[in-house]
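Q: On the provided structure of chain L, position chain C as indicated by the hints.
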Amino acid sequence: MSPRGRQVLLAEGLARQGHVAPAVEACYEALRLDEGDPLVHTLLSDLFLAGDFYDEAIAAASRAIELDADCAPAYLSLGLAYDRRGGMWDQSILVWHELAEVVPDLVTAHVQLGEAFAAAAFEEEAIEAWKKALELDAHEARAMYNLAVAALKKEGMATALPGFRKAGELDPSQDDFFFALAGVYDDGTPAPDPIDVPPDRDSRLAAAFALAFEEDFFSAVDLIRLILDDNPDDPEALALAGYLYLKQEAVNEAMAVALRALAVSTKTPTAVYVLGAAFAKRPGLNRNAARVFGALAKAVPNQPMPHVLLAESLLGLQRYGQAKQAYLRAVELDPTFVRARFGLAAVLLTEGEYALAHHEIRRAAYHDTRRQGLFWQLYDVYAEARE
Amino acid sequence: MPTRKSGPRQPRQRIEREQATPASVPRRATAEAAAATAPAKALQRNPLFPVGVSLYPLDTETQGPDDWYERDLSEDLAALAEARCALVRIFVSWRVLEPQVGQYSEEALAKLASLVADARAKKMQTVVCLFADDRHADLTDVGWGKKRDPRTDSYLLQREVALAQKVVSHLRSDSGVFAWQLGNEAFLSGFESAEALEAWVNALREAIREIDPKRPIGLGADAETLYRATGVDATDVLAANEFAVSHLTAAYRAYAAEGPLTSGPSTYLDAFLLRNAHRGRPVLLDEVGVLALDHSAAEEAAYVRNVLWSGLMNRAAGVMLRRYRDMDTERREPYFLDPFETLVGVADSEGLPKPVFSEIARFVRTVARIDLKSHALIAERTAVVVPSERFDPLPSLAGLYDPRACLQAFIIAKQAHVPVTVVREDDDFGEYLVLVVPSAFKLRDETWERLGAFVQGGGTLLMSYGGGDAPAATRDLFGVEFLGDAGPRSRLSCRVAQADILGALESFDARFDVPNHALLSGGTATIVATDAKGSPLLTVNQVGQGRAVFVAVPLERAIAQGDPWATPRPVSHLAREVYGAVARGAGCGAPVLCRAPEVEVALFQGEADDVLVLLNHAPEKVDADLECDRRVASIADVRGGAPVAVGGKAFTVPLEANGATALRVTYA
Chain L
1 MSPRGRQVLL AEGLARQGHV APAVEACYEA LRLDEGDPLV HTLLSDLFLA
51 GDFYDEAIAA ASRAIELDAD CAPAYLSLGL AYDRRGGMWD QSILVWHELA
101 EVVPDLVTAH VQLGEAFAAA AFEEEAIEAW KKALELDAHE ARAMYNLAVA
151 ALKKEGMATA LPGFRKAGEL DPSQDDFFFA LAGVYDDGTP APDPIDVPPD
201 RDSRLAAAFA LAFEEDFFSA VDLIRLILDD NPDDPEALAL AGYLYLKQEA
251 VNEAMAVALR ALAVSTKTPT AVYVLGAAFA KRPGLNRNAA RVFGALAKAV
301 PNQPMPHVLL AESLLGLQRY GQAKQAYLRA VELDPTFVRA RFGLAAVLLT
351 EGEYALAHHE IRRAAYHDTR RQGLFWQLYD VYAEARE
Chain C
1 MPTRKSGPRQ PRQRIEREQA TPASVPRRAT AEAAAATAPA KALQRNPLFP
51 VGVSLYPLDT ETQGPDDWYE RDLSEDLAAL AEARCALVRI FVSWRVLEPQ
101 VGQYSEEALA KLASLVADAR AKKMQTVVCL FADDRHADLT DVGWGKKRDP
151 RTDSYLLQRE VALAQKVVSH LRSDSGVFAW QLGNEAFLSG FESAEALEAW
201 VNALREAIRE IDPKRPIGLG ADAETLYRAT GVDATDVLAA NEFAVSHLTA
251 AYRAYAAEGP LTSGPSTYLD AFLLRNAHRG RPVLLDEVGV LALDHSAAEE
301 AAYVRNVLWS GLMNRAAGVM LRRYRDMDTE RREPYFLDPF ETLVGVADSE
351 GLPKPVFSEI ARFVRTVARI DLKSHALIAE RTAVVVPSER FDPLPSLAGL
401 YDPRACLQAF IIAKQAHVPV TVVREDDDFG EYLVLVVPSA FKLRDETWER
451 LGAFVQGGGT LLMSYGGGDA PAATRDLFGV EFLGDAGPRS RLSCRVAQAD
501 ILGALESFDA RFDVPNHALL SGGTATIVAT DAKGSPLLTV NQVGQGRAVF
551 VAVPLERAIA QGDPWATPRP VSHLAREVYG AVARGAGCGA PVLCRAPEVE
601 VALFQGEADD VLVLLNHAPE KVDADLECDR RVASIADVRG GAPVAVGGKA
651 FTVPLEANGA TALRVTYA
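Those sequence lines, one after another, are chains L and C. Residue 22 in our numbering sits at position 22 of the first sequence; the count goes up by one each step and never skips. Residue 397 in our numbering sits at position 397 of the second sequence; the count goes up by one each step and never skips.
Since the hints were derived computationally from the structure, they do not count as laboratory data. C-beta: ideal position from N, C-alpha, C; glycine also. Keep in mind that the hints are not guaranteed to be accurate.
Below, simulated DSBU-like cross-link-like pairs (lysine-lysine); rule was C-alpha separation at most 35 angstroms, straight line [to be verified]:
(1) C:Lys621 to L:Lys154
(2) L:Lys153 to L:Lys281
(3) C:Lys166 to C:Lys123
(4) L:Lys131 to L:Lys166
(5) L:Lys247 to L:Lys267
(6) L:Lys298 to C:Lys621
(7) C:Lys621 to L:Lys153
(8) L:Lys247 to L:Lys131
(9) L:Lys298 to C:Lys533
(10) L:Lys154 to C:Lys354
(11) C:Lys123 to C:Lys533
(12) L:Lys166 to L:Lys281
(13) C:Lys111 to C:Lys122
(14) C:Lys533 to L:Lys267
(15) L:Lys153 to C:Lys354
(16) C:Lys166 to C:Lys122
(17) L:Lys166 to L:Lys154
Where chain C lies over chain L, by a calculated footprint (3+ residues, C-beta under 8 angstroms) [what the hints assert, rightly or not]:
(18) 16-27
(19) 85-97
(20) 331-344
(21) 356-363
Bound-form chain L, shown alone:
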């Protein structure tokens, strides 16, 4: 039992707020009080990692592990630092193995272990690790992307493409994009109860989108039905209906509804998206999907997702050069976009640019782990366990 000192709490607070320099100073101050506190060394390692200072992160995380071999967040920092530092795959494999033992249900440890194996050219072991990750969490998009990349290396794009698509579906950002097109954002307000929704078209539509956003598809469908009963040619309601069909894997219905919406009004971006997504789900319709997503990318050029969707359709058409440009545009718009990074890696692999492809995969891993906030989850669990 060793409660966190005030200085450690201060350092933690600063680090959580992203104030790297003051947090590092606070950590050093805490180390002056107690050099042997693994929490502080762990914090330091994450702060150094946030600044891409790998050697410093490795030193700090190693010290934390020396002080406490069960310090899971330090293993995470150490493994990430080794991976991103490059050329240290053997250490990286060991660290991810260790972390998987310390926290057996940590999916990311298995994903990272697979990536370290793959970087060291142990493809079979890598595939095993990613499969293990998917066993633990069937919605782990990065494991699926990696399996798709492995399939690409072994058997080519035709085999790999469904994997990329499946991974994309696991990635929640595609749904977010649909709702962004509809102007629906997570502002913390819960969706209304369908019974309380005023009986006018706008209120019903807004509520339907909000319910769909919260994945309460049946309630959303009820409201959409009411809107369409009043006006069967409401393009936005039709587009949302198409989206809901898509979520239920009713691709033909989604396609029909989206086409109907676009026949009523061509200026319905949500319907364009649904139509493209429906085309993309049907084998042999990549050309159609590419046209639709191309139009969408022109309509909303500053959103990365349509560029990625366009690129994926172009991959299906084996137009790798154009796909690369679309992926690059998406990465430029959002460097943290894991799906674009993996797609770009796939294109680079088809071009024989292995080093560049692995760089993209490393960057994807980097952004994915930061997005997950995994360090803080492990840190909090570890700190509470110590207390």
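A: Quick look at chain C alone, frame taken from chain L:
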């Protein structure tokens, strides 16, 4: 034909060669004149830009320390001679040369001399490295040393002095020796203090100078990479030597510019280190080559091509490649990359040249066609200032952030095609017209005074906010009132208030993480651009004869710390425009306008013609649209071929992915 071997030689009248009347150098050269001014016969190599390769003593991991240079190197030397390399580096093995205290192996000394003689016979000179660690041959691990540290142990230091004198006196009379190198970075990284390093260097230098007073002596360490590896600042020690070296280590690459070798920041890193090491002495761009076999042969070749041309364009005195033959390692994977291990060469372990070797030969042949006596690079009047806080230890993060921010500033200047170099905060600023201080947390008080005088005297200062409190000098120098640090932001917005003061700026909103944002209020400065809320983002203040430009965000650090491969286009455009406009306004802008930021441009000016060198830093083909300030009569590849008439100021040069070209330009 009858002749005789001996006997008095009869005086003979020499046949007078018809002296070609020297072509008067045309002041207004034409396409024909371009052909006339090109060297009639190609030189084998350019004596002012030697290229060489290190020859390591072991070829395979199965060999032991006693197998030092066991294999006959004639084949390797012949291949290097054919590629017109001018230098080779060989490594002395203390262990082999002095097997017992004070007893030198005459056989080993003879082998060393024969290596130098072999190289000389093939018209190459040798750099002899006295105390190196190659991680395999235990070169400095003398059995009788009882594991004492040869860097600091006084007895071993005496023995090192004796060995150095023995080797130097043995080879002194051989004209094949080009220079003495005291150590390599792997060995020197064992020093724990600058004082110990200085004492070691002084002792060995004095020892060598007693015997060989003239030949250049170098240390073999890059101050920047050594500091990163050890925390030892060897700048002053290096300054005592006749030549410096700059080189990239695996650790430094991972720190400063990890990622692809053939695009983005890593393609500028060698040039940055070269400029950083260039402190008034010739700098050998050393240990060039890839560090691991992660890359394809084509990528290796593209990378080395990039570095070779970067060296030429950034005032290197020559280039040394890392290794000739690949080390034949034992089959084991995964393989830990020792930062100082040298495994990858320009030929495979059987001695078959890799594509990178052809690149070297092609580069040497091309550079041989550039007369570096009559053509000189335009002087760099823009300098990126490395703040002294860069040497502050942790917990100050300035030591970690600043080199990256400075590298990024260097890259932006290069992308704006501004001739640029790197100086330190305590260097003399007198020879520069523009100083760039990128994202520094703090400068010394006396530096602020010097910067004030610099601007008063007509210089231009471009500074970006680094975070924290702004010094009092900000108000006088930049003409703005500092109200505080708004902290990190995830978007950067720019609203242009005054067009064309600092280039063709455009308003934008971009997703771009900035760690700090200075809140400013107007003073005497002209506000060129603001953020979305109207707070000044970019200001210009006229001070005395000069100008002080302030950027309210740590732009360079933000680009470096973000994803330098995916910087939003508007942000990189803003940075390039500001750098370019500031240099242009100070009269030291791009000598040749180029519309492709990824193309580095260097202009070697001559009397009758200029040599324009272009290097594509992108892994894609680029058409470089160029515009000179004078009417160009013709351009021609320096390697020969018919000049192409231009007849205007603008022309386009297609460049392959990571390609480079050198063009002879004549003016109408």
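Q: Could you run down the list of hints and mark each one as holding or not?
A: Hints versus structure:
Distance check on the hinted pair: Lys621 (chain C) and Lys154 (chain L) sit about 29 angstroms apart at the alpha-carbon level, within 35 angstroms; holds. With a CA separation close to 23 angstroms, the supplied pair Lys153 (chain L) and Lys281 (chain L) stays within the 35 angstroms bound. Between Lys166 (chain C) and Lys123 (chain C), the direct Cα distance comes to roughly 25 angstroms. Compliance with the 35 angstroms bound is thereby established for this hinted pair. Under the criterion of a C-alpha separation no larger than 35 angstroms, the hint pairing Lys131 (chain L) with Lys166 (chain L) is consistent with the structure, at around 14 angstroms.
For the given pair, Lys247 (chain L) sits about 23 angstroms from Lys267 (chain L) by alpha-carbon distance, which is consistent with the 35 angstroms threshold. Taking the CA atoms of Lys298 (chain L) and Lys621 (chain C), the gap is about 25 angstroms. The hint holds against a cut of 35 angstroms. Using a Cα cut-off of 35 angstroms, the hinted pair Lys621 (chain C) and Lys153 (chain L) holds, with the two alpha carbons roughly 26 angstroms apart. The hinted pair formed by Lys247 (chain L) and Lys131 (chain L) meets the criterion: a straight-line CA distance of about 25 angstroms does not exceed 35 angstroms.
With a CA separation close to 29 angstroms, the supplied pair Lys298 (chain L) and Lys533 (chain C) stays within the 35 angstroms bound. Restraint check: the Cα-Cα separation between Lys154 (chain L) and Lys354 (chain C) comes to about 27 angstroms, which is no more than 35 angstroms; the hinted pair holds. In summary, the hint linking Lys123 (chain C) to Lys533 (chain C) is not supported, as the alpha carbons are separated by about 67 angstroms, beyond the 35 angstroms threshold. A threshold of 35 angstroms between alpha carbons decides the hint, and for Lys166 (chain L) with Lys281 (chain L) the separation of about 10 angstroms falls inside it, so the pair holds.
Among the hinted pairs, Lys111 (chain C) with Lys122 (chain C) is consistent with the structure: their alpha-carbon atoms are about 17 angstroms apart, no more than 35 angstroms. A C-alpha spacing of about 33 angstroms is found between Lys533 (chain C) and Lys267 (chain L), which places the hinted pair at or below 35 angstroms, so the restraint holds. The straight-line distance between the Cα atoms of Lys153 (chain L) and Lys354 (chain C) is roughly 25 angstroms, inside the 35 angstroms bound, and the hint therefore holds. Our distance criterion of 35 angstroms between C-alpha atoms is met by Lys166 (chain C) and Lys122 (chain C), whose separation comes to about 25 angstroms.
With a C-alpha separation of about 18 angstroms, the suggested pairing of Lys166 (chain L) with Lys154 (chain L) holds against the 35 angstroms cut-off. Coverage of the segment 16-27 of chain L by chain C holds in this model, with 7 residues showing a Cβ closer than 8 angstroms to a Cβ of that chain against a need of three. Requiring three or more residues with a Cβ within less than 8 angstroms of a Cβ of chain C, the coverage given for the segment 85-97 of chain L holds, as 8 such residues are present. With 5 residues carrying a beta carbon less than 8 angstroms from a beta carbon of chain C, the segment 331-344 of chain L meets the three-residue requirement, and the given coverage holds.
For the segment 356-363 of chain L, the assignment as covered by chain C holds, since 4 residues bring a beta-carbon within under 8 angstroms of that chain's beta-carbons and 3 suffice.
The structure shown violates just one earlier hint, number 11.
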